[in-house]
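Using the hints provided, position chain U relative to the given structure of chain C.
Protein chains in written order, with our numbering: chain C, 1 to 388; chain U, 1 to 388.
It is possible that part of the hints are untrue.
Some chain C residues near chain U, calculated using beta-carbon distances under 7 angstroms [claimed, not checked]:
(1) ASP7
(2) PRO9
(3) VAL10
(4) GLY11
(5) ALA52
(6) ALA54
(7) GLU91
(8) ASP325
(9) HIS330
(10) PHE347
(11) GLY349
What the hints contain is simulated information worked out from the structure, not anything from laboratory work.
Positions of the beta carbon are idealized from the N, C-alpha and C atoms, including for glycine.
Letter by letter, the chains look like this.
Protein chains: 2
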Amino acid sequence: MEFSRDDLPVGTPVVGMVGGGQLARMTQETAIALGVQLRVLAEGPAVSAAQAVADAPVGDYRDPDAVRRFVAGCDVVTFDHEHVPTELLREMEAAGVAVRPGPDALVHAQDKGVMRERLAKIGIPSPEFSLVADVAEATAFAERVGGFPIVLKTTRGGYDGKGVWVVDGPDECTDAFAAGVPILAEEKVDFVRELSALVARSPHGQAVAYPIVESVQIDGICVEVTAPAPGLDPERAAQAQQNALRIAGELGVVGVLAVEMFEARDGRLLVNELAMRPHNTGHWSIEGAVTSQFENHLRAVLDLPLGSPAARAPYTVMVNVLGGDVADMHKGLLHCMARDPELKVHFYGKPVRPGRKVGHVTAYGPDLDEVRERARHAAAYLTGTIDE
Amino acid sequence: MEFSRDDLPVGTPVVGMVGGGQLARMTQETAIALGVQLRVLAEGPAVSAAQAVADAPVGDYRDPDAVRRFVAGCDVVTFDHEHVPTELLREMEAAGVAVRPGPDALVHAQDKGVMRERLAKIGIPSPEFSLVADVAEATAFAERVGGFPIVLKTTRGGYDGKGVWVVDGPDECTDAFAAGVPILAEEKVDFVRELSALVARSPHGQAVAYPIVESVQIDGICVEVTAPAPGLDPERAAQAQQNALRIAGELGVVGVLAVEMFEARDGRLLVNELAMRPHNTGHWSIEGAVTSQFENHLRAVLDLPLGSPAARAPYTVMVNVLGGDVADMHKGLLHCMARDPELKVHFYGKPVRPGRKVGHVTAYGPDLDEVRERARHAAAYLTGTIDE
Numbered sequence: 001m002e003f004s005r006d007d008l009p010v011g012t013p014v015v016g017m018v019g020g021g022q023l024a025r026m027t028q029e030t031a032i033a034l035g036v037q038l039r040v041l042a043e044g045p046a047v048s049a050a051q052a053v054a055d056a057p058v059g060d061y062r063d064p065d066a067v068r069r070f071v072a073g074c075d076v077v078t079f080d081h082e083h084v085p086t087e088l089l090r091e092m093e094a095a096g097v098a099v100r101p102g103p104d105a106l107v108h109a110q111d112k113g114v115m116r117e118r119l120a121k122i123g124i125p126s127p128e129f130s131l132v133a134d135v136a137e138a139t140a141f142a143e144r145v146g147g148f149p150i151v152l153k154t155t156r157g158g159y160d161g162k163g164v165w166v167v168d169g170p171d172e173c174t175d176a177f178a179a180g181v182p183i184l185a186e187e188k189v190d191f192v193r194e195l196s197a198l199v200a201r202s203p204h205g206q207a208v209a210y211p212i213v214e215s216v217q218i219d220g221i222c223v224e225v226t227a228p229a230p231g232l233d234p235e236r237a238a239q240a241q242q243n244a245l246r247i248a249g250e251l252g253v254v255g256v257l258a259v260e261m262f263e264a265r266d267g268r269l270l271v272n273e274l275a276m277r278p279h280n281t282g283h284w285s286i287e288g289a290v291t292s293q294f295e296n297h298l299r300a301v302l303d304l305p306l307g308s309p310a311a312r313a314p315y316t317v318m319v320n321v322l323g324g325d326v327a328d329m330h331k332g333l334l335h336c337m338a339r340d341p342e343l344k345v346h347f348y349g350k351p352v353r354p355g356r357k358v359g360h361v362t363a364y365g366p367d368l369d370e371v372r373e374r375a376r377h378a379a380a381y382l383t384g385t386i387d388e
Numbered sequence: 001m002e003f004s005r006d007d008l009p010v011g012t013p014v015v016g017m018v019g020g021g022q023l024a025r026m027t028q029e030t031a032i033a034l035g036v037q038l039r040v041l042a043e044g045p046a047v048s049a050a051q052a053v054a055d056a057p058v059g060d061y062r063d064p065d066a067v068r069r070f071v072a073g074c075d076v077v078t079f080d081h082e083h084v085p086t087e088l089l090r091e092m093e094a095a096g097v098a099v100r101p102g103p104d105a106l107v108h109a110q111d112k113g114v115m116r117e118r119l120a121k122i123g124i125p126s127p128e129f130s131l132v133a134d135v136a137e138a139t140a141f142a143e144r145v146g147g148f149p150i151v152l153k154t155t156r157g158g159y160d161g162k163g164v165w166v167v168d169g170p171d172e173c174t175d176a177f178a179a180g181v182p183i184l185a186e187e188k189v190d191f192v193r194e195l196s197a198l199v200a201r202s203p204h205g206q207a208v209a210y211p212i213v214e215s216v217q218i219d220g221i222c223v224e225v226t227a228p229a230p231g232l233d234p235e236r237a238a239q240a241q242q243n244a245l246r247i248a249g250e251l252g253v254v255g256v257l258a259v260e261m262f263e264a265r266d267g268r269l270l271v272n273e274l275a276m277r278p279h280n281t282g283h284w285s286i287e288g289a290v291t292s293q294f295e296n297h298l299r300a301v302l303d304l305p306l307g308s309p310a311a312r313a314p315y316t317v318m319v320n321v322l323g324g325d326v327a328d329m330h331k332g333l334l335h336c337m338a339r340d341p342e343l344k345v346h347f348y349g350k351p352v353r354p355g356r357k358v359g360h361v362t363a364y365g366p367d368l369d370e371v372r373e374r375a376r377h378a379a380a381y382l383t384g385t386i387d388e
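Chain C with its partners taken away, still in its complex shape (with noise of 0.2 angstroms):
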């Protein structure tokens, strides 16, 4: 239900999160304790943030009449996902709305193409880049930057490993460019592994940043992060958070950035991709920072002050419980409580689906070897791919 304000005590923020998925449904959790009333246009009457909130309408994000509703009321809006359109926002934005983060940033994280040519402006170490047509452009890139293989993506609407290629060579180019869609060429990057840096930022230009996380992808999804990146160089580490922070004030984000990295196998640290709202690699901050991503994402968008982003524990690791042969998640939690009853669990309301993330588990302490087994351990029980 909707409430008015004088169901509210004076001065509750009301803020609109558009998209009910596991991101809105956490920052539940913090909008809670904050005492602010989160509103979440979602997709269906009962997806994953729809359960947890009160006041929860089913709309189109793509539909303007259905924004607009939505918006009516609202003190803010912010997202749960980067697919409203730009236009849209615009308007909204036009009309008085407090966007944030607002199109003229976001839109970098909507459209990689962008993305690139933003960063490579202001001088952030990226991969090497072309916008291609086709084929024979795909071809002549990949001759620049040393051959194949190379990566094309879409510019828009690509996630979670959806939309992006590895190809080869020339022959393997034909499902990129089959949809019609504006395709981004990119130098393959020799990694030794991927790293995320978490910013926040506000609209009046605070901003705090995340240690520096190390992150495992299969098939283009985020399974398993490990905060603090073990091993990580401190001046290295110091750099990513800079350039995290310089892309966050360069291109006006409000709320929290995620800048995906590549540590090259050269040293460089390179730029993979931008969220801009609460990430999978922040999920560790839930207990394992002194203020979880989610809270520091309302904060900024309210424009109250940062909380601190420092780490509560030496190591925290995080792994994504990933849908399996199991359907019924909960009966996992007897063994894995019973195991580990410091073990911290994560479920986001969703009907379990071959490789859909339907949560997450963190385990933390001071030995990461024992960490990280704990929490491996509990994702891999809960999913099914162990029994004991």
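Positioned in the frame of chain C, the structure of chain U alone reads:
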């Protein structure tokens, strides 16, 4: 809205909580994480927890029909307060509803006379007491325990200082007897400080004990909690935990049990009150313990293995934010959050009324004096008793 089982992932537990106050509201934070669907029987459409929960039907907990409708479809029923009539709970239990804690346990938190007699029977150190029918009996009791002052309490319905009288002589006893309800007379304990022992217990008998905390009460209202209780002798702390675990076991408590105790000047640890739900003296555990009292309450009532109650910081101090002259509590966040980036704020979505618990703040760290100053300052600033 109510969700059908088909709307939720297979195995999702539905927990009904009777009462829509801040305890239900804070339980929702952890229900979201655990993938538990929380259903709240709310006093009104916009009470504290109703703002934060998707499924919050309005109904009177004293109305058998409302309660019957509410429990239909819940896997387990638990409580935000102890006021549901015992007969109604017994009827639900007889109908096969899992009521946790059950009526035979809960009556000890509802009726101070029953509680006193039971604790005496199982040998838990408690103040001297007697059920008294009139001023003459109260006076006789006073003579037996060394004279006035003594404490008179209604056996049922009192909380936060209401229904409690400290009386200096027979003339002052009349108020307590005016309403014609049963009155308990108790020795006025000469105490050094108040302590609280919080435990959680499962239906199958697993139990965990949180560190013993010190609480400060003013006019019968908890205002500050320090975890762990500073300078408490470890043997005495262990004894307090043992007593609480013993009470939980003997009374068959399921969920959180808070045992408020006096540390008497003569060295005795005497039980003052029992509560069978998450308790104000356990709010520190949200950030201060590995598993919060709200999470362990849910885990207990669902008969899931309990989480570690261990402290995460050397000291955690919680200070209640009581309603003062400032109606807009959110304005003060600008100052408090900027001053202390590690401060944790919890607002309850309750309009300010003088003296009403409208939120709490938590600080933690290695230096007790500093931690206490941070929490006290923030609470005083938000309440409006200081302005810098």
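Now for the hints, and whether the structure bears them out:
Checking ASP7 of chain C against chain U: minimum C-beta separation of about 4 angstroms stays under 7 angstroms; hint holds. Using the Cβ-Cβ criterion of 7 angstroms, the hint placing PRO9 of chain C at the interface with chain U is satisfied: the shortest such distance is roughly 5 angstroms. Hint on VAL10 of chain C holds. Least Cβ distance to chain U is approximately 4 angstroms, under the 7 angstroms limit. With 7 angstroms as the threshold, the beta carbon of GLY11 of chain C comes within range of chain U, its nearest partner Cβ sitting at about 3 angstroms, so the hint holds.
Given hint, ALA52 of chain C at the interface with chain U, holds; its Cβ is 5 angstroms from that chain's nearest Cβ, closer than 7 angstroms. Contact between ALA54 of chain C and chain U, as hinted, is supported at the beta carbon level, the nearest pair being about 6 angstroms apart and thus within 7 angstroms. Hint status for GLU91 of chain C relative to chain U: violated, with the closest Cβ pair at about 29 angstroms, above 7 angstroms. Residue-level restraint check for ASP325 of chain C is violated (minimum Cβ-Cβ distance to chain U is 12 angstroms; threshold 7 angstroms).
The criterion of a C-beta within 7 angstroms of any C-beta in chain U is met by HIS330 of chain C, whose closest approach is roughly 4 angstroms, and the hint holds. Residue-level restraint check for PHE347 of chain C holds (minimum Cβ-Cβ distance to chain U is 3 angstroms; threshold 7 angstroms). With a least beta-carbon distance of about 6 angstroms to chain U, the hint placing GLY349 of chain C at the interface is held under the 7 angstroms criterion.
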